[in-house]
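S.K.: Spelled out from the first residue to the last, the chains are:
4 protein chains.
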Amino acid sequence: MSINSFGHLFRFTTWGESHGPAIGAVVDGCPPGLRLSEADVQPWLDKRRPGTSRFTTQRREPDQVRILSGVFEGRTTGTPISLMIENVDQRSKDYSEVALAYRPGHADYAYDAKYGFRDYRGGGRSSARETASRVAAGAVARLVIPQVRVRGWVEAIGGDAIDYAAFDDAAIDGNPFFCPDPAAAIRWEALVDGARKAGSSLGAVVACEAGGVPAGWGAPLYAKLDAELAHACMGINAVKGVEIGDGFAAAALTGEANADAMRPGDAGPEFLANHAGGITGGIATGQPIRLRVAFKPTSSILTPVATIDRDGAAADIATRGRHDPCVGIRGVPVVEAMMALVLADQALLHRGQTGR
Amino acid sequence: MSINSFGHLFRFTTWGESHGPAIGAVVDGCPPGLRLSEADVQPWLDKRRPGTSRFTTQRREPDQVRILSGVFEGRTTGTPISLMIENVDQRSKDYSEVALAYRPGHADYAYDAKYGFRDYRGGGRSSARETASRVAAGAVARLVIPQVRVRGWVEAIGGDAIDYAAFDDAAIDGNPFFCPDPAAAIRWEALVDGARKAGSSLGAVVACEAGGVPAGWGAPLYAKLDAELAHACMGINAVKGVEIGDGFAAAALTGEANADAMRPGDAGPEFLANHAGGITGGIATGQPIRLRVAFKPTSSILTPVATIDRDGAAADIATRGRHDPCVGIRGVPVVEAMMALVLADQALLHRGQTGR
Amino acid sequence: MSINSFGHLFRFTTWGESHGPAIGAVVDGCPPGLRLSEADVQPWLDKRRPGTSRFTTQRREPDQVRILSGVFEGRTTGTPISLMIENVDQRSKDYSEVALAYRPGHADYAYDAKYGFRDYRGGGRSSARETASRVAAGAVARLVIPQVRVRGWVEAIGGDAIDYAAFDDAAIDGNPFFCPDPAAAIRWEALVDGARKAGSSLGAVVACEAGGVPAGWGAPLYAKLDAELAHACMGINAVKGVEIGDGFAAAALTGEANADAMRPGDAGPEFLANHAGGITGGIATGQPIRLRVAFKPTSSILTPVATIDRDGAAADIATRGRHDPCVGIRGVPVVEAMMALVLADQALLHRGQTGR
Amino acid sequence: MSINSFGHLFRFTTWGESHGPAIGAVVDGCPPGLRLSEADVQPWLDKRRPGTSRFTTQRREPDQVRILSGVFEGRTTGTPISLMIENVDQRSKDYSEVALAYRPGHADYAYDAKYGFRDYRGGGRSSARETASRVAAGAVARLVIPQVRVRGWVEAIGGDAIDYAAFDDAAIDGNPFFCPDPAAAIRWEALVDGARKAGSSLGAVVACEAGGVPAGWGAPLYAKLDAELAHACMGINAVKGVEIGDGFAAAALTGEANADAMRPGDAGPEFLANHAGGITGGIATGQPIRLRVAFKPTSSILTPVATIDRDGAAADIATRGRHDPCVGIRGVPVVEAMMALVLADQALLHRGQTGR
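Residue numbers (our numbering), protein chains in the order written: chain A, 1 to 356; chain B, 357 to 712; chain C, 713 to 1068; chain D, 1069 to 1424.
With the rest of the complex left out, here is chain A (with noise of 0.2 Å):
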């Protein structure tokens, strides 16, 4: 099975690195007839888009997507869907240091242990670039369910998180932080600005909701709707946990705290609570899809970290160049994609299945 593609009936496999000509994604199993053009792609990548704030990297990508094959006469012909991004600013730069010696944190070092040798320029293929061809492909499927909301947001930088009771969903794309408390925000213009200046970064906590999702969907054991919630979360460069509704909060509940009780409502139940975060033994329940990603600290920083060297040898290693002094700010448009590209594969798995 190849080891570069997600997803089982709504599919994509991507390719390409960061200082390449170009990185891609081919996206397989698309229902025909969906009407598709780079128009329907272009604003999730621009979302995704370096270069917009001082908080993210400087690199100048204008992440241009170009459909290759799979449309034709403005709808989606059922066919492979192959989307082409162009790197152009892969600015020459000197890479000798981080081709000899590891840095900590990153790939570097486990990458060589496996293959025996990288592309080390930019981070090559386990650069956070990639993450494009998620997103490209995150628009295709949201497509695909025209009927489910995917939304995503910052909820805490650095350990400062937000108030939910100040939570406002349209000051999201109000700030360069997907912050949907305006207070945060500017709390965090500081910390982040803060990180940059001194060549340091910060972690992140980023949630995501799907609403819309209709019961049914999922599988009960080993393609459970949060499994592979997880298994796509997981997945995105920096990412060191998951969470489904309450995550770990849950374990520290009685029984009673965390049961989500039902009564009649217009169609289907109503529930009085969604600690379960809208999924119950891998399916989903109507209620909406929550989830928490937590990204590290970009480990790209200027403070001389201990590592060795191709040799074995001491180095020290300090991370010059253009980094995202905070990666899970620009995690949001990919966790959203995940989410997206998840679900539009479980409502095809759903639908072989039961004809539903």
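No lab work stands behind these hints, which were simulated from the structure alone.
Some hints could be false.
The calculated EDC-like cross-link candidates involving lysine to aspartate or glutamate, where the alpha carbons are at most 16 Å apart (straight line), are [unchecked claim]: (1) C:LYS909 x D:GLU1324; (2) A:LYS47 x A:GLU61; (3) A:LYS197 x B:GLU612; (4) D:LYS1265 x C:GLU968; (5) B:LYS553 x A:GLU61; (6) A:LYS47 x A:ASP173.
Selected chain A positions facing chain C (Cβ under 10 Å, derived; list incomplete) [to be verified]: (7) PRO31; (8) PRO80; (9) LEU349; (10) HIS350.
Not close to chain C: a few residues of chain B, all C-beta gaps over 10 Å, as computed [to be verified]: (11) GLY407; (12) VAL444; (13) PHE473; (14) LEU499; (15) GLY515; (16) GLU565; (17) GLY568; (18) THR610; (19) GLY711.
Virtual Cβ for every residue (Gly too), placed ideally from N, Cα, C.
We have chain A already, so just place chains B, C and D on it with the hints.
M.R.: Here is chains B, C and D on its own, set in the frame of chain A:
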């Protein structure tokens, strides 16, 4: 792709319901020539077996495994290994209440929404009894990677955590909680007894570590070692969160605080910390793989909870019968099994692609 | 990917050896709500069952199937259906000769080259006994596509072919050869008897047709309906060739002679010929799907053949014991089963992607 | 599972239509460290390239391949290899006739039945142009198994077969038919010219052999080497039959006549015949792998054929434009590529499971 199978090259498929005649697993892709008999599997099943203390369900299942295929003259042949466990204690009880009303937190409602009906006896396919099949398959996986030691324990019950300063590996198997901190084990006795007597339930956090995993296992993108582990663990009944290494705590750190510095060691690097939990870029670094798993409290409680019945009418339901007051405890051998299964699979994938 | 599984959405996994305690199949992905009991499976197994005439192996196996999971109150639940058939007549015989020397034409030598050793008793996993599992799984597949009628027959034995002008569907089940031409059936009686008495064996050609397959099932490239059928049939023991429609005869035709002209019909087109065997571009046209399968003569013969033993020394081997003089005869229900399994899978794949 | 991908561990995904901007393949799972540049791929594409003689379509495509990812400093990195071929000669022509009426023998009607509409320009995704992607991927596969030599040729055109007594490997690349028999090549010149001038078309039989495949590659049941090859070849446009070794001829033999006797050889057995085509029980024996593939005559012919249009009304259609009068000729490099792709995949699967 089958949704009751797990793994790429080392792959298993499970079948069976709580109250059917038997459950089982078919393990496929096992290397030939490994010594294997029922005696290699049974001890792990015995760790998971119900009814061994008053802190677990009182269902009495001997959980005797039979190997029906794939072994000849004591060695694996490279062909499918069929493992079967007969169900013995399917106590005749009245399931009419469960058949009619949906138990909140259980798969009941979502299952009906998916399939239109369900085997409601004892949870049917969604019963935690299915995890016995995982444990049996996991026992085979351990034989594929003898250099690896997978070891799990309970870290917290109902919010009461162990003191890692008192961690004693030898203590884990000496109490009914897989607790490495003898003082915590004594506290938990009262805690779980209280919940059990009150007909309530408790959540738990399970930790698991794999030592001896060589640097290089894993994959850079869509079969990342951490993503596969997250999928494996989030797919266990009642799990709501998974962390690798520092997990959510890493999201509150700076890049400096999160860096796992390296210095020259005897064989490869020596790491000065393990915030990463032994995985960077989806690939093992050679450090111990560390993860944490959050189990919600058992949804079966005696306190009546508001719900609806199959006709959509309001109802109250209290779940009588035999249940684990804290399902996370018996989750330990299951988390271990899933970790072993992922690692065996990655070992073969790595060897297939790289020849190492 | 597991190598003992077949299918994408409707998928089955088989296990078991000729002389182990049992064999079986786990059918995954079956739609919920279908009526299913052992009585739906047994008749197909009875067609394939050995020992029913002197023209098949004299091994006496009742081939009683048990359904161990996936069915509740007489209907499929959408979860794995575990089918088990116990081996009864594992006659105690001396396999020392087979254990030491490789039978030409059998899997013996190649198996040892792959795995280093093998379960040599009765062919082990390579025994045609495994096909009982396929037939059992195929019986479930038929229920998924009740609108389809899959029907196979023997077209030729040892080069002696039926006369299609005498084709009588009703005759197929009236003789021990699944022969639709009563005159040929009489000839074959002498032919196969002669081979049996001489300790020789004969090859055969099996034809199979599926009526009622709607236009649209299939896929344009790497899951082409014809490619999937070729895979399914070439994977049956002793098969050496597969043709769709006119097959190799089409290679000698001109485009004009091979054209399947169309004219307006009551529901879609009416075809004036079916050279294509009901498939163009990998997708069903709505015509009957037609294929032919070549079975080589059973490799087990009494005439000694030169071979080598496990130490590489020269040896002669004659295969005594219970064997089908013409393994193609009992291939009919197996080809039917594989065709039903492919079609059920394609039906679900088509529905998953297109909603139809 | 994706339906535009092929292979288990060495896996490729293709995309693109006849008249889109480009076509391509993403090769995943390639071992790291192999020398690879465009110069390794281009010669195989040149063999398949249209417009090189008057016996193939006159579409002029340079078929220049670009490697967009997966190679660093001239070596494969173990990450996806993106291969792209731009479409150059999408001659502006009037497709209104093809858009409206279904060409018999083509995918047109079945495609519309499946997806509701299609990209009709030049066959869209069903165009034989897609096979260029297979050939490009196959060139990479050859590098994975340098010990194997895959070699194909045309055995018959329009029923006129070569004389194997006159077989000359060196002649194959010396004529426009990949014909190993110089006398047949001269006959075919007149034969194909006649068909071309008449606006007719001819079928062909392609043979292919792989030498150097070690005993042990393959799998006993559902990834049998012969089944995988049958799938690979039956999935090529216009193929209607596949044989391994003696194929259908074996069905007319007795067991004695079909036996491949063995005697001790220098390394493993020496076989006295190769009726089996180098595969028993789905596993390679170490003999040359031999297969034959039947290509139907090109369905595009000038003679008008009765058909229906999209509204179901009667119509006649004659296919003007640029077409191969015998599509089987250019099938040779495609069959070779598919064989190399299957063998590379099996090599990695074998190594993954057994370590050899």
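S.K.: Evaluate each hint against the coordinates.
M.R.: Quick rundown of the hints versus the structure:
1. Between LYS909 (chain C) and GLU1324 (chain D) the CA atoms are separated by roughly 14 Å; this keeps the pair inside 16 Å, and the hint holds.
2. Distance restraint check for LYS47 (chain A) and GLU61 (chain A): the Cα-Cα separation of roughly 12 Å lies within the 16 Å cut-off, and the hinted pair is therefore satisfied.
3. Between LYS197 (chain A) and GLU612 (chain B), the direct Cα distance comes to roughly 14 Å. Compliance with the 16 Å bound is thereby established for this hinted pair.
4. Between LYS1265 (chain D) and GLU968 (chain C) the CA atoms are separated by roughly 14 Å; this keeps the pair inside 16 Å, and the hint holds.
5. For the given pair, LYS553 (chain B) sits about 62 Å from GLU61 (chain A) by alpha-carbon distance, which is inconsistent with the 16 Å threshold.
6. A threshold of 16 Å between alpha carbons decides the hint, and for LYS47 (chain A) with ASP173 (chain A) the separation of about 9 Å falls inside it, so the pair holds.
7. Proximity of PRO31 (chain A) to chain C holds as hinted, the smallest CB-CB distance being about 6 Å (cut-off 10 Å).
8. At its closest, the beta carbon of PRO80 (chain A) sits 9 Å from a beta carbon of chain C; the interface hint therefore holds under the 10 Å criterion.
9. A hinted interface residue such as LEU349 (chain A) counts as satisfied when its beta carbon comes closer than 10 Å to some beta carbon of chain C; here the least separation is about 7 Å, so the hint holds.
10. Residue-level restraint check for HIS350 (chain A) holds (minimum Cβ-Cβ distance to chain C is 8 Å; threshold 10 Å).
11. Against chain C, the non-interface label of GLY407 (chain B) holds: every CB pair exceeds 10 Å, the least being about 23 Å.
12. Consistency note on VAL444 (chain B): stated as away from chain C, and its beta-carbon is indeed over 10 Å from all of that chain's, at 14 Å minimum.
13. A Cβ of chain C approaches the Cβ of PHE473 (chain B) within 10 Å, the least distance being about 7 Å, so the stated non-interface status is violated.
14. Against the 10 Å criterion, LEU499 (chain B) stays outside the reach of chain C, whose nearest CB is about 16 Å from its own CB.
15. Residue-level check passed: GLY515 (chain B) sits 35 Å from the nearest beta carbon of chain C, beyond 10 Å.
16. With a minimum CB-CB distance of about 29 Å to chain C, GLU565 (chain B) clears the 10 Å threshold, and the non-interface call stands.
17. Chain C leaves GLY568 (chain B) outside its interface by the beta-carbon criterion, the shortest separation being 25 Å against a cut-off of 10 Å.
18. Listed as outside the interface, THR610 (chain B) is consistent with that label: its C-beta sits roughly 42 Å from the nearest C-beta of chain C, beyond the 10 Å cut-off.
19. Every CB of chain C is more than 10 Å from the CB of GLY711 (chain B) (nearest about 17 Å), matching its label as outside the interface.
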